[in-house]
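> Per my numbering, the sequence shown starts with residue 1, numbered consecutively.
Be aware that a few hints might be false.
[Unchecked claim] Quick list of the computed label-pair ranges, beta carbon to beta carbon:
#: 1; residue 1: 15; residue 2: 35; range: 38 to 46 Å
#: 2; residue 1: 62; residue 2: 31; range: 36 to 44 Å
#: 3; residue 1: 73; residue 2: 34; range: 18 to 26 Å
#: 4; residue 1: 69; residue 2: 9; range: 18 to 26 Å
#: 5; residue 1: 58; residue 2: 34; range: 34 to 42 Å
#: 6; residue 1: 4; residue 2: 36; range: 26 to 34 Å
#: 7; residue 1: 73; residue 2: 44; range: 16 to 24 Å
#: 8; residue 1: 31; residue 2: 11; range: 20 to 28 Å
Since the hints were derived computationally from the structure, they do not count as laboratory data. Every residue, glycine too, gets a C-beta built ideally from N, C-alpha and C.
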Amino acid sequence: MNRSARLNELRALPAAELAAKAVQLRQELRDLRIKSAHGSSEQPHRIRDVRRQIARTLTVQRQRTTETTDART
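Work out the full structure, taking the sequences as your base and the hints as a guide.
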């Protein structure tokens, strides 16, 4: 799945699911960092991927917040 498809998929999610996804991704990142510290990580590149997914999720959340704020003024 390419980047624009993933972004469109995130934009289609309701706010509650988007927040839940961010929490789930943060937990996954924490687990990956623990595994990496212990040296048992089989997918070290996954940390970078999860960080980027978190950033995309938070960006979509922020865009929605900005849109609603701009609509009020």
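> Where does the structure disagree with the numbered hints, that is, which hint numbers, in rising order?
Hints 1, 2, 3, 5 and 7 are the ones this structure does not satisfy, whereas the remaining hints hold.
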